[in-house]
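A.B. asks: The lines below spell out each chain.
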Amino acid sequence: MSQENNNQDRIDVDIKVENSGSAAVQDAPAPAEVSTFRLVATLAVAGVLAGMLIVLVNLHTKPIIDKYKAEQLQLAVYEVLPDVERYDTYYLVNDALSLSLPDGAKESEFKRVYIGRDAIGETRGVAISRGESGYQDVIMVIFGYDPVAGTLSGMKILDSKETPGLGDKIFKDMNFVDQFFAGPQTPLLGVKSGAGKGQPNEIDMITGATISSKAVIGIINHALEEWKPILDQGIPEAPAEATSGEVAQ
Amino acid sequence: MRTTTAQQDFIRGIWKENPVLVQMLGLCPALAVTNSVANALAMSGATFFVMSCSSVLISTCKRFIPHEVRISAYILVIATFVTLADMLLQAYAPAQHKELGAFIALIVVNCMILGRQESFSSKNSVFRSLLDAIGTGVGFTIALVMMGGFREILGTGSFLGYPLFGPNFEPWVIMVLPAGGFLTLGFILLAMGAIEQRRKDRAERKEEPVAEVSS
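Chains as they are written, first to last, in numbering that gives the first Met the number 0: chain Y, 0 to 248; chain X, 0 to 214.
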């Protein structure tokens, strides 16, 4: 029995050694009964203060982050539309493509496409971005589409929180990514890696990241379902004046 | 209770009670984001920031936090600073932020940080808590950079992005994959265990004659 007690003591001591932060200052006094109100109030006050702090820092960092994101988007458009010299941003206003927004409208409320032109102003492709849920959170994808041939010219993941080591292969596994740059036909068809029948619209999915790969393929197909009827109505000619997309290539 | 000096508070976390290599806390980031030195540094920096701020704030407010809700309050404080670190990294180091991804948010559940608040900051003065946090943070950084260094040198043949070997070097890809993290940690712990054992053996050998006399 005493042997057992001894062991018990030793374990306690071990634990204390690990917590050996016990410097000279006061021992926490035996906690008195605390009212529920105080418990709730403490957490509430702490929560409000934390919220305010986050808002303050967010006010400061958001413009920087937005600016960076805009730059990344611009780079991404040129990446998924390889033959393009400049692009114009078109907003979807009343089911038609428009370069300008209705008066007083907020830019962020409108869907948009980026129409790429070559050096002489011919349309060479359309870049579309869209987000849908993946395995963890929303995956933001941008892809280039050739409306004449109905093929893709590229794909880039703008934002994703997919599982490191598995789901993040949708942008780290170049075998997967390169398939979208090889001009696959649309609508895409996801097949198990190696089980394809050689169809031009097949995309080999990543083993171990099926949900994330399916999500990427689904996002592109859904985006095209939505945009194809609009693009088929005809793509506007390049405007004479440069628009936002041409800035700082 | 044993008392410690301010100097001990600071030194302790760096080597003798190194959070990763001795206490085995915070292993998730230590294994996950140490595939390059740059990532290890960014992760250490973010953790260091969260750790120091939380320790200072919690030791300042320890009188106002009722015992019953202390863990919730600590987590709230830690989560707030993690969110701040997340936003600041995204604004000022976007490349690293993208590379670390979800692991930034996961600093909240790094038990190393909560452990220091519960066992140290909630009982000690602000100054001591800051020292303790800095010491532990430095220890965490040393462990992560050590792992990141090994893995980057062997796995990609570079250090902080600068190539070290000639073009004929064949990188050990496994070292930058998750398996390499476990291998590296294993070997580092093995080496530390060996050093510790030798130190103990030597100390015992010195004591031996005395022990014989007393028996």
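It should be emphasised that the hints constitute simulated quantities derived from the structure, not laboratory data. Small disclaimer: the values here were computed from a predicted structure and weren't measured. All C-beta atoms in this analysis are idealised placements derived from N, C-alpha and C, irrespective of residue type, glycine included. Treat the hints loosely; a few may be bogus.
Stated by the list, open to error - Computed footprint of chain X on chain Y, listed as stretches where at least three residues anywhere in the stretch have a Cβ under 8 Å from a Cβ of chain X:
id, segment
1, 140 to 148
2, 184 to 194
Stated by the list, open to error - Straight line, CA to CA, 20 Å or less: simulated EDC-like cross-link-like pairs of lysine to aspartate or glutamate:
id, chain 1, residue 1, chain 2, residue 2
3, Y, Lys-160, Y, Glu-224
4, X, Lys-97, Y, Glu-201
5, X, Lys-97, Y, Glu-78
6, X, Lys-122, X, Glu-195
7, Y, Lys-66, Y, Glu-108
8, X, Lys-97, Y, Glu-224
9, Y, Lys-66, Y, Asp-158
10, Y, Lys-160, X, Glu-98
11, Y, Lys-196, Y, Glu-224
12, X, Lys-97, Y, Asp-65
13, X, Lys-205, X, Glu-195
14, Y, Lys-227, Y, Asp-65
15, Y, Lys-191, Y, Asp-167
16, Y, Lys-171, X, Glu-98
17, Y, Lys-110, Y, Asp-172
18, X, Lys-97, Y, Glu-106
19, Y, Lys-68, Y, Asp-145
20, X, Lys-97, Y, Asp-136
21, Y, Lys-227, Y, Asp-145
22, Y, Lys-171, Y, Glu-78
23, Y, Lys-213, Y, Glu-236
24, X, Lys-97, Y, Asp-94
25, Y, Lys-105, Y, Asp-167
26, Y, Lys-61, Y, Glu-106
27, Y, Lys-110, Y, Glu-224
28, Y, Lys-213, Y, Asp-231
29, Y, Lys-171, Y, Asp-136
30, Y, Lys-68, Y, Glu-106
31, Y, Lys-68, Y, Asp-136
32, Y, Lys-68, X, Asp-200
33, X, Lys-97, Y, Glu-108
34, X, Lys-122, X, Glu-16
35, Y, Lys-191, Y, Asp-172
A.B. asks: Please work out if Lys-122 (chain X) and Glu-16 (chain X) have their alpha carbons no farther apart than 20 Å.
C.D. replies: 18 Å, holds
A.B. asks: Take the C-alpha atoms of Lys-122 (chain X) and Glu-195 (chain X), compute the straight-line distance between them, and say whether it is at most 20 Å.
C.D. replies: Measuring from Cα to Cα gives roughly 30 Å; hence the hint is violated.
A.B. asks: Has the given pair, Lys-68 (chain Y) with Asp-136 (chain Y), been kept, meaning a C-alpha gap of at most 20 Å?
C.D. replies: Cα-Cα ~18 Å, so holds.
A.B. asks: Would you mind confirming whether the straight-line C-alpha gap from Lys-61 (chain Y) to Glu-106 (chain Y) stays at or under 20 Å?
C.D. replies: 17 Å, holds
A.B. asks: Is Lys-213 (chain Y) close enough to Asp-231 (chain Y), meaning Cα to Cα at most 20 Å?
C.D. replies: Violated - the C-alpha atoms of Asp-231 (chain Y) and Lys-213 (chain Y) are around 26 Å apart, more than 20 Å.
A.B. asks: Check the hint pairing Lys-213 (chain Y) with Glu-236 (chain Y) against an upper bound of 20 Å on the C-alpha distance.
C.D. replies: Cα-Cα ~34 Å, so violated.
A.B. asks: Can the restraint linking Lys-196 (chain Y) and Glu-224 (chain Y) be considered satisfied, given a maximum Cα separation of 20 Å?
C.D. replies: Status violated; Cα separation ~24 Å.
A.B. asks: Below or equal to 20 Å on CA atoms is what counts here, so check Lys-97 (chain X) against Glu-108 (chain Y).
C.D. replies: 26 Å, violated
A.B. asks: When you check the alpha-carbon spacing of Lys-66 (chain Y) and Glu-108 (chain Y), does it fall within 20 Å?
C.D. replies: The hint holds at about 18 Å.
A.B. asks: Keeping to a limit of 20 Å between CA atoms, is the pair of Lys-66 (chain Y) and Asp-158 (chain Y) held or broken?
C.D. replies: This hinted pair holds, its Cα atoms lying about 15 Å apart.
A.B. asks: Take a quick look at whether Lys-97 (chain X) and Asp-94 (chain Y) sit within 20 Å of each other, Cα to Cα.
C.D. replies: 35 Å, violated
A.B. asks: Mind checking the alpha carbons of Lys-105 (chain Y) and Asp-167 (chain Y) for me, to see if they're no more than 20 Å apart?
C.D. replies: Answer violated: Lys-105 (chain Y) to Asp-167 (chain Y) is near 33 Å, above 20 Å.
The structure fails hints 1, 2, 3, 4, 6, 8, 11, 14, 17, 18, 19, 23, 24, 25, 28, 32 and 33 (numbered hints given earlier, in ascending order).
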